[in-house]
Amino acid sequence: MNYPTQILPQSSNKRITCDLSDCYLIRYTSTKVIDEIIDPNTRLVRQKYICSPREQVSDLSTSLLGVFEIEHIKIELTERGKVTYNEYCQPDEDVEVPLYNQDFILNFNRHFWSILIDDINNVDVNYQKGNMPFQAKCMVIHTPMKWNFWHFSVRWRVADLYWHELDAKARQKLAKRLGHEARSHIAKFAKVEEPNYSQLDEKEYLKATA
Amino acid sequence: MSKLETKMESNILSKAIMWHLSKGVTKITSTGPNVYCLGENENPILNSESFVVLSKFNNPSNTREISNSDKQFVKFEAQFENQYLNLKDHFGEIEFEDLKSRFSLSLSELLRFEPEVFSIELTPEASVFYTMFKNDYSFFIQHFLNISDSEDDELILTSYKGKSKLPSYGGSLDEILGEIKEIIFPPSEVKSWEPTYELSYADSTPVFQ
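Same order as they appear, the protein sequences are chains A and B.
All you need for this note's numbering is the position in the first sequence, starting with 1, plus 3.
All you need for this note's numbering is the position in the second sequence, starting with 1, plus 2.
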């Protein structure tokens with residue numbers, strides 16, 4: 004089984020900064036049973052499949068659908084693979100191709116949810132009343148990783164800083180509210196059906212050639 | 003229409019009900035199998051025992067409404083207990099009965115709004131995440147069950163009208179309920195009375211006893 008090299012960072016790649024409003028983010032779920040993923044009353048994605056307990060929902064990992072295809076959600080890094088590949092990197096970093104059964108396996112017990120970037124990017128959060136009034140903005144940021152050039156993070160901007168850049172005390176103070184906002188917004192707009200998506204124009208992720 | 007007066011039985015109601023009746027309009031409410039009606043000239047005073055019972059209305063049609071609400075309550079309590087088994091490591095040292103009583107309070111208060119759709123889910127943040135649809139509104143309420151710091155948000159509310167996001171709010175249970183009530187029942191549309199306790203409402207022909 005060969006790793007899909009088209010999803011790896013490559014020397015010809017650049018960071019994606021264009022308008023992605025019509026594009027979709029995708030994230031895997033830890034089950035492929037759709038009736039388990041969707042709450043039967045609300046028909047929304049259940050909270051447990053929005054984010055796992057190990058991760059921080061206020062800095063959520065996703066992938067951009069396009070060159071990264073739905074089948075790629077089955078890729079699961081092994082413990083050895085995480086050591087090497089589960090790190091942020093530059094978009095044009097040279098990365099060795101992960102090896103099947105050593106660095107990664109295929110997990111067929113996965114499904115996904117997807118969300119239109121326009122539904123989540125630049126969403127304003129406004130706490131006007133009560134204690135600790137503040138405002139924040141949800142932002143979808145290209146954060147390539149060694150295993151996946153198409154890795155995007157759903158983050159929160161508070162004043163001039165991202166939430167994860169705040170000092171520990173401020174981060175802790177806002178974590179609950181921003182985590183709640185992420186959960187609510189994704190629950191509201193995420194879908195488990197395959198969206199109608201297309202690949203990004205190459206000029207948006209490849210460096211200009213001389 | 004004859005004037006009627008009602009006495010609020012303190013052993014039934016733990017909170018007072020503020021009523022304000024428009025002249026000539028009879029508003030009826032019920033708790034359990036009994037329906038009470040307030041007279042025209044009464045301006046109920048919170049926690050007052052100055053009312054005198056003149057009549058009680060038998061309103062069997064309310065029984066089914068109450069029963070559905072009770073059934074929902076029981077259903078969601080059972081879901082809470084089941085989900086807790088999978089996530090109890092995230093809830094710290096707080097006793098299960100304490101967690102359950104906090105949950106039961108917010109659950110019962112939210113069910114009062116008679117939502118069209120309702121669900122609960124426990125999260126690793128030691129919280130219960132409620133989803134509630136009412137009219138064209140979606141409400142997402144997260145109740146953190148392990149709060150010890152009074153300055154911390156006990157609950158957080160996010161709401162949408164259709165797809166449009168409304169301002170969010172963090173605070174106590176009473177504050178969150180107030181915000182939800184303001185959204186569902188905007189002040190400009192409040193009629194002559196405003197319920198503040200769990201009651202269902204129906205018009206019925208009084209049967210004097």
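Honestly, the hints are just simulated from the structure, not real lab data.
Warning: the hint list may mix true and false statements.
[Said to hold, decoys possible] Result set (DSSO-like, lysine-lysine): computed pairs, CA atoms no more than 27 Å apart in a straight line: (1) A/Lys140 to A/Lys17; (2) B/Lys77 to B/Lys90; (3) B/Lys165 to B/Lys183; (4) B/Lys167 to B/Lys183; (5) A/Lys191 to A/Lys179; (6) B/Lys183 to A/Lys179; (7) A/Lys140 to B/Lys73; (8) A/Lys191 to B/Lys77; (9) B/Lys165 to A/Lys194; (10) A/Lys191 to A/Lys85; (11) A/Lys179 to B/Lys136; (12) B/Lys102 to B/Lys77; (13) B/Lys90 to B/Lys136; (14) A/Lys191 to B/Lys183; (15) B/Lys73 to B/Lys90; (16) B/Lys73 to A/Lys179; (17) A/Lys179 to B/Lys90; (18) B/Lys163 to B/Lys183; (19) B/Lys136 to A/Lys194; (20) A/Lys140 to A/Lys172; (21) B/Lys163 to A/Lys140; (22) B/Lys167 to A/Lys176; (23) A/Lys172 to B/Lys165; (24) B/Lys102 to A/Lys194; (25) A/Lys140 to B/Lys165; (26) B/Lys183 to A/Lys77; (27) A/Lys176 to A/Lys194; (28) A/Lys35 to A/Lys194; (29) B/Lys90 to A/Lys176; (30) A/Lys176 to B/Lys102; (31) A/Lys191 to B/Lys165; (32) B/Lys73 to A/Lys194; (33) B/Lys167 to A/Lys179; (34) B/Lys183 to B/Lys77; (35) A/Lys191 to B/Lys136; (36) A/Lys35 to B/Lys90; (37) A/Lys140 to A/Lys194; (38) A/Lys179 to B/Lys163; (39) B/Lys102 to A/Lys179; (40) A/Lys172 to A/Lys210.
It should be emphasised that the depicted structure is a prediction, and the values quoted were computed from it without experimental measurement.
| Do the alpha carbons of A/Lys35 and B/Lys90 lie within 27 Å of each other, as the hint requires? | holds, 25 Å
| task | Measure nothing beyond the straight line between the CA atoms of B/Lys73 and A/Lys194; if it is 27 Å or shorter, mark the hint as holding. | result | It is violated: about 30 Å lies between the C-alpha atoms, which goes past 27 Å.
| message | Would the hint linking B/Lys163 and B/Lys183 be met if the CA-CA limit is 27 Å? | response | Distance ~14 Å between B/Lys163 and B/Lys183 Cα, so the pair holds.
| said: Hinted pair, alpha-carbon criterion (27 Å max): B/Lys102, B/Lys77. Please report holds or violated. | reply: This hinted pair holds, its Cα atoms lying about 14 Å apart.
| message | What's the verdict on B/Lys102 and A/Lys194, does the C-alpha distance respect the 27 Å limit or exceed it? | response | Cα-Cα ~32 Å, so violated.
| 27 Å Cα cutoff - pair B/Lys73, A/Lys179 | Measuring from Cα to Cα gives roughly 32 Å; hence the hint is violated.
| field | Proposed proximity, B/Lys136 with B/Lys90 (alpha carbon, max 27 Å) | value | With a Cα-Cα distance of about 31 Å, the restraint between B/Lys90 and B/Lys136 is violated, given a limit of 27 Å.
| query | Within a Cα-Cα threshold of 27 Å, do A/Lys179 and B/Lys90 meet the stated pairing? | reply | Distance of about 19 Å is within 27 Å: holds.
| said: Need the status of pair B/Lys167, B/Lys183: alpha-carbon distance at most 27 Å? | reply: holds, 17 Å
| Does the alpha-carbon distance linking A/Lys140 and A/Lys172 stay inside the 27 Å limit? | holds, 20 Å
| message | Can you confirm whether the C-alpha distance between B/Lys136 and A/Lys194 stays at or below 27 Å? | response | OK: B/Lys136 and A/Lys194 at ~21 Å, within 27 Å.
| field | 27 Å Cα cutoff - pair B/Lys183, A/Lys77 | value | Roughly 44 Å separates the two Cα atoms, so the pair is violated.
Consistency with the previously given hints fails for numbers 7, 10, 13, 16, 23, 24, 26, 27, 32, 40, ordered from lowest to highest.
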